[in-house]
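Participant: All chains, please: the whole structure from these sequences, using the hints.
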Amino acid sequence: MKDSNSDKVKNCLYRVKNGKVENIYSHQLFTESIDIEGNYQLGEFLLNELTTKRCFKIKEKNFLILQCGELNILKNIQSNNNKVEFRLNEDKNLHVLFKQILKKTDVFLNPIHTPMGNQGKMAKRREFLSSDRKYYFSTSNTSKGSENLQANSLQYAYYNKKQIDALEIKCQDKFIRKVFEIK
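The opening position of the sequence shown corresponds to residue 3 in this note's numbering, with each subsequent residue numbered one higher.
It is worth saying that the hints were derived from the structure and are not from the lab. Just so you know, nobody snuck in bad clues.
Simulated pairs of lysine to aspartate or glutamate, EDC-like, Cα-Cα distance not exceeding 16 Å: (1) Lys126 with Glu87; (2) Lys164 with Glu183; (3) Lys77 with Asp93; (4) Lys185 with Asp134.
Facilitator: Spelled out as structure tokens, the structure:
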């Protein structure tokens, strides 16, 4: 990505298609729950991005990308065993659109800059997105100053609300690669 002048465009998504790097022309819209809490305009903007720029199909599976903290479009209800729900439920139109997005997505991809806090709440969100025979995958950089490629918080893979194991794991230089099968 050195040739793309990517330091001028932060948190941009790219994909490789037919051997060529393509810019998806989308970027992370928010990082924390405080950014989206009660912000219906930003919620609508995200849902529009998800349906127009961040979904694609591979071998009959519908993929969707939530970037890093955009996972905060979901919230946990602590008083109800950290039950997960759409953060902007009060807006019926957004809630319906979110449910439609959930229904047609088979695989959620969640690239993360650094491991997110409160893994108990995050686990509930991963379970929520992977329910009903769906997949959820996230990958992260290591924490600052760490090169521990074995840290559990670096990568998660879920299917049908349960964490799944990689078929193959390979550590090389400062990278880890895990291979999973999607059926």
